[in-house]
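Chemist: Sequence:
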Amino acid sequence: MDEILDPLNEKQKEAVEHTEGPLLVLAGAGSGKTRVITHRFAYLLKKKKITMHNILAVTFTNKAAGEMKDRISVLSKIDASRSWVRTFHSTGVMILRKNPETIGYPRDFVIYDSEDSKSIVKKIMKDRGIDSKTFNPPGIADRILSLKDSLITPEEFKGRAVTDFDKAAAVIYQDYEINLRKNKAVDFPDLISLPIKILSENEKIRAYYKSLWHYVMVDEFQDTNNAQYQLIKLFCPLSNNICVVGDDDQSIYGWRGANVENINDFMDYYKAKLILLEQNYRSTSIILTAAHAVVEKIQGRIDKKLWTSSKSGEKITVINALTDKEEALRTVDTIDKLLENYDFRDFAIFYRTNAQSRLFEEELLFHNIPYKVFGGQKFYARKEVKDILSYIKLIINPYDRASLERIINVPKRKIGNASLDKIIKYAGEKNVSFIEALFGCENGAETGFVPTTAMKDLGIILKELNESSGKMTPMNFVKVLIDSIGYKEYILNFDEDGLDRWENVEELINSIKEYEDFNPDALIQDFINDVTLQTGSDELESDNGRDYISLMTIHNAKGLEFKNVFISGVIAGLIPHSSSLYSSSELNEERRLFYVGITRAMERLFLSYPETRLKYGSVERCLPSPFLKDIPDEFIQVEESYIRGRESVRIQGRYEAGRAVSDISEIKTGDIVYHRIFGRGSVIFVSKKLMTVKFDSSGVQNLMGNFISSIEVMDR
DNA sequence: TAATCCTTTCTTTTT
DNA sequence: GAAAGGATTA
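At position 465 of the first sequence the residue is numbered 470 (the working numbering), and the sequence of numbers has no breaks.
Take the hints with a grain of salt, since some may be wrong.
[To be verified] Derived BS3-like pairs (lysine-lysine); straight-line CA-CA distance at most 27 Å:
no., residue 1, residue 2
1, Lys-568, Lys-316
2, Lys-673, Lys-699
3, Lys-16, Lys-51
4, Lys-163, Lys-128
5, Lys-103, Lys-187
6, Lys-278, Lys-310
7, Lys-391, Lys-493
8, Lys-51, Lys-215
9, Lys-430, Lys-128
10, Lys-123, Lys-172
11, Lys-388, Lys-68
12, Lys-16, Lys-54
13, Lys-427, Lys-388
14, Lys-518, Lys-468
15, Lys-417, Lys-461
16, Lys-568, Lys-68
17, Lys-189, Lys-427
18, Lys-276, Lys-238
19, Lys-127, Lys-430
20, Lys-634, Lys-568
21, Lys-484, Lys-189
22, Lys-189, Lys-388
23, Lys-634, Lys-620
24, Lys-82, Lys-54
25, Lys-128, Lys-417
26, Lys-123, Lys-419
27, Lys-493, Lys-417
28, Lys-391, Lys-427
29, Lys-419, Lys-461
30, Lys-189, Lys-461
31, Lys-461, Lys-484
32, Lys-68, Lys-82
33, Lys-189, Lys-128
34, Lys-54, Lys-238
35, Lys-278, Lys-215
36, Lys-388, Lys-127
37, Lys-187, Lys-202
Note that these hints are calculated values from the structure, not bench results.
Since we're looking at a predicted model, the values are computed, not measured.
Working from the sequences, and respecting the hints, build out all of it.
Modeler: Printed below as a string of structure tokens:
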């Protein structure tokens, strides 16, 4: 029995055995793309006796890399946890960390995530007096990051900026780069572009990597942007033993610069061998046909003959609901019923935007069903976690302004904005680190800056930690840090969620402990670097065996599969998203996104759409997604809203009884009102802008924003 | 000058 | 219904 080759079909086997020379595997959804890479890796190890460290496999997420390592270990019975299975960004960090001086970068740089980039942009705009109402800072930051992703320098961009927005962005971009250098920081795009610089300018280093990796593989190749592709070319082995795997129908990262054309270029440039995987092993034929119907509408698309030998399966259920709340309730009810025959892990709920998860979470909690929300900004975006991480970043790199600003008065130590400005100004003028600046100039007369006791106290703490950071284990370091700034007392009393927040800090400590166990010699700086590259979809705990329902965006679902898939919010404006309506290429990407969602389903697929949803407390009417019509009726069964019948009777009666109001001041506690969605209810609380109503059929609801047009008051 | 309260604006997707 | 910025208070 050959565990590595026997489970594969002929095409997959061909891809695994074709180890020498460039290879492109174009593979439809569910045809075993990732399987080819893992089996190929194991095949190289076991059959070709290649040393593990001479093989590189590149993925996009840490989660994918981790899963790949696990599978390789199982297949090859060789521990692959230390193999070169990495994300683009962590590969970039590794190259940069090893050779920073060749491009004039310091060894102790920190990595800024997009949040940090945004806050730098905001500061620059403030400093330069650029109005943040005219140009919104996150928008400018996004623009700069995407320019950097395309390897466009500030100088180049300055020449071609036409709109006012771009002109402002060009100026800010220049400052932004200066700021990063001053702060000894690199951002996400730098993690690709700087390694490109290192490799293209240094023949020796390039030669080193080209001969280090004898075999290179790239997963999800359709998602590579031009910079990433360029980086691949730079470290591609001399033998051209490079295998890329992708599917143009699953290209959903165009907005981040991904270029599907890279697939064609790869064929031409490397004269690669092409292998097509067209047999789908995942979904029923109804699901597969429906998915195809959605994506075949894209003009200019190269049609694939994706086929399956599995049975036709259940029809696709379309759940129609009156409100988004009912949508969540019906989804969870449906899951509840199916749980007789399935485990929790067999279910996933997908949505277009992270904000949609909340209603589902509430409903699942109510039903006592275990779930896990992937992505979003969950853990590492929490205040308490970011606070601690910022302290660590600042201690490791005392030039890091973004982190300084975050922590300088957390916990409150009476150092406000005015003091902060002085410290920054002083550090800039004297060209010293922020820790040194906190001590100021002992004979401060010449600068006019005399530090307060509060500043000096903070300086002492940071300085001591800075000096001991190399001598302590990461966990001890963090414990001392938390102790010396009194963070526990601070966070416990921060708000009513204090205890939860402290538990998150403890969870952070645990994850550091785990990291320490896994990397015995690592220091705190190693942890912080790895953690910045973690995203919401990567999870910190190793809970492979756990059983829960998965909630995630469709983007996050790529590469995964579930027996039962619920795609929620299948309405115009979300799928396709309203921001894509004016561009046919973006609209096509939305189609492919829907395709990706559908093809995650193995056995059953549910598509739900609410007719109204609450947006900032006011009701928004929704129409079903136009993509729904592309799925042939014969594959669909519709389940109508359950409350429609009852509600419509009430809604009809309401016009005789109710009286429109124009302002919330006309409503008093105790009034009976009709809401056009929730029906009849009595007001239990009213304030200037909010009211709480107990509705007969939909429970207690808070109404806020411009709900007033949806309300009529009954005359008593 | 710092802390707090109140207003406004914003939600696409992520390494 | 948050999060951030501006206005107001201490």
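Chemist: Are Lys-68 and Lys-82 close enough, with their CA atoms no more than 27 Å apart?
Modeler: This hinted pair holds, its Cα atoms lying about 21 Å apart.
Chemist: Would you check the hint for Lys-568 and Lys-316, treating anything up to 27 Å between C-alpha atoms as holding?
Modeler: 14 Å, holds
Chemist: Would you check the hint for Lys-163 and Lys-128, treating anything up to 27 Å between C-alpha atoms as holding?
Modeler: Holds, at roughly 20 Å.
Chemist: Decide if the proposed pair is consistent with the structure: Lys-484 and Lys-189, CA atoms, cutoff 27 Å inclusive.
Modeler: It holds: about 26 Å lies between the C-alpha atoms, which stays within 27 Å.
Chemist: With the threshold set at 27 Å, check whether the alpha-carbon distance from Lys-123 to Lys-172 stays at or below it.
Modeler: This hinted pair holds, its Cα atoms lying about 18 Å apart.
Chemist: Quickly compare the C-alpha distance for Lys-16 and Lys-51 to 27 Å and report which way the hint goes.
Modeler: With Cα atoms ~20 Å apart, Lys-16 and Lys-51 stay inside 27 Å; holds.
Chemist: Verify the proposed pairing of Lys-417 with Lys-461, using a straight-line Cα cut of 27 Å.
Modeler: 15 Å, holds
Chemist: Lys-493 and Lys-417 were given as a pair; does the straight-line alpha-carbon distance stay at or below 27 Å?
Modeler: 13 Å, holds
Chemist: Please work out if Lys-82 and Lys-54 have their alpha carbons no farther apart than 27 Å.
Modeler: Holds: Lys-82 and Lys-54 sit about 13 Å apart, inside 27 Å.
Chemist: Take the C-alpha atoms of Lys-278 and Lys-310, compute the straight-line distance between them, and say whether it is at most 27 Å.
Modeler: 19 Å, holds
Chemist: Straight-line Cα separation of Lys-276 and Lys-238 no greater than 27 Å?
Modeler: Cα-Cα ~14 Å, so holds.
Chemist: Hey, Lys-634 versus Lys-568, does the alpha-carbon distance stay inside 27 Å?
Modeler: 24 Å, holds
Consistency note: the structure conflicts with none of the earlier hints.
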